[in-house]
Amino acid sequence: MADFEPKIVAFLCNWCAYAGADLAGVSRLQYPSNIRPIRVMCSGRVDPLFIVKAFKEGCDGVLVAG
Amino acid sequence: MTQKLLDITGIGKDRLHLAWVSSAEAQRFVDVVTQTTATVKGLGKFDPQEFASALSAAEMTLGGEALRWLVGKEVKLTTSGDVYGRKWDTERYESVLDAMLEREYYKNLIYQAVKEGCTSVRDICTRVGLELKKVSYLLADLEKTNQIEFKCMEDRKPVFAAL
Chain A
1 MADFEPKIVA
11 FLCNWCAYAG
21 ADLAGVSRLQ
31 YPSNIRPIRV
41 MCSGRVDPLF
51 IVKAFKEGCD
61 GVLVAG
Chain B
67 MTQKLLDITG
77 IGKDRLHLAW
87 VSSAEAQRFV
97 DVVTQTTATV
107 KGLGKFDPQE
117 FASALSAAEM
127 TLGGEALRWL
137 VGKEVKLTTS
147 GDVYGRKWDT
157 ERYESVLDAM
167 LEREYYKNLI
177 YQAVKEGCTS
187 VRDICTRVGL
197 ELKKVSYLLA
207 DLEKTNQIEF
217 KCMEDRKPVF
227 AAL
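Heads up: the protein sequence lines correspond to chains A and B, in order.
Okay, so the first sequence: first residue is 1 according to the numbering used here, each after it adds one.
Okay, so the second sequence: first residue is 67 according to the numbering used here, each after it adds one.
Derived from the structure by calculation, the hints contain no laboratory data.
C-beta atoms are modelled at their ideal positions from N, C-alpha and C, and glycine is treated no differently.
Just so you know, not all the hints are guaranteed correct.
Claimed, not checked - Straight-line Cα separation of at most 27 Å, DSS-like style, residue types lysine-lysine; simulated pairs:
1) B/K70 <-> A/K56
2) B/K139 <-> A/K53
3) B/K223 <-> B/K199
4) A/K7 <-> B/K111
5) B/K223 <-> B/K181
What the hints assert, rightly or not - Heads up, incomplete: computed chain A residues facing chain B, CB under 10 Å, no partners named:
6) I8
7) W15
8) Q30
9) L49
10) G61
To be verified - Stretch-level coverage of chain B by chain A, calculated; a stretch enters the list once three of its residues show a Cβ under 8 Å from a Cβ in chain A:
11) 91–100
12) 103–110
13) 123–137
Construct the complete structure from the given sequences, taking the supplied hints into account.
Now the structure itself:
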């Protein structure tokens, strides 16, 4: 499958990665549109169960960024 | 730990990426996302149906009391010591955690198998892919914690049921 576009759930820390993503947008940097960001107040908030849940719901990958 | 568990389940740890990006590092964020996307793309589509029982077992394992206790005690065990005052080194802690992770996972996988209708020990073995002896041990454990009960004998084979 050459044109396979994965769905990636991204848990982004409000203060670090989310702001980084925001800055990437503001500075018009190109990045793949496969990620579905979920903003959390801290990456420590991400429970391993969230990750399993994400896979159960059918996403192809999970990214946790803090 | 979750990555290790994903490896045990057969989903593979490459589907879960962890990265630290600060708010000033837009370029790094772009790199991380690009790399993650490329890796997951290379792995292909994920089918949750295929891993349904593995995912349920993983969910039970990660939500279970035993592992949460152990993870919560990490700092205490490695810095101030256990109830006997023995300090654990990180390797020892890791190996205990790994062993427990695997054991809990297989226990929950057996539980799922029984729930889905594999009632004899041999059925469970072929379903879970473990040897007979190990499955028997874990079944005994599950009986102790009242998750599984011994129901009856069916032509000289024990039949189990999930509670």
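Annotated coverage of the region 123–137 of chain B by chain A, confirmed only when three residues or more have a Cβ within 8 Å: Our answer is that it holds, as 4 residues pass the Cβ test (under 8 Å) against chain A, meeting three.
Distance restraint between B/K223 and B/K199, which requires alpha-carbon spacing of 27 Å or less: holds (15 Å)
Interface hint outcome for A/W15 [beta carbon to chain B under 10 Å]: holds (6 Å)
Given hint A/L49 near chain B, where the shortest CB pair must fall under 10 Å: holds (5 Å)
B/K139 paired with A/K53 [C-alpha distance capped at 27 Å]: holds (25 Å)
27 Å Cα cutoff - pair B/K70, A/K56: holds (18 Å)
Claimed coverage, the region 91–100 of chain B by chain A - three or more beta carbons nearer than 8 Å: Per the Cβ count (9), the hint holds.
Pairwise hint evaluation, B/K181 against B/K223, where the allowed Cα distance is 27 Å at most: Holds, because 18 Å separates the two Cα atoms, which is no more than 27 Å.
Status of the A/G61 interface restraint (C-beta, 10 Å, chain B): Holds, because the Cβ-Cβ distance from A/G61 to chain B comes to roughly 4 Å (cut-off 10 Å).
Annotated coverage of the region 103–110 of chain B by chain A, confirmed only when three residues or more have a Cβ within 8 Å: holds (count 6)
Hint consistency between A/K7 and B/K111 [alpha-carbon to alpha-carbon, up to 27 Å]: holds (9 Å)
Satisfaction of the A/Q30 interface hint, Cβ to chain B closer than 10 Å: holds (7 Å)
No hint from the list above goes unmet by this structure.
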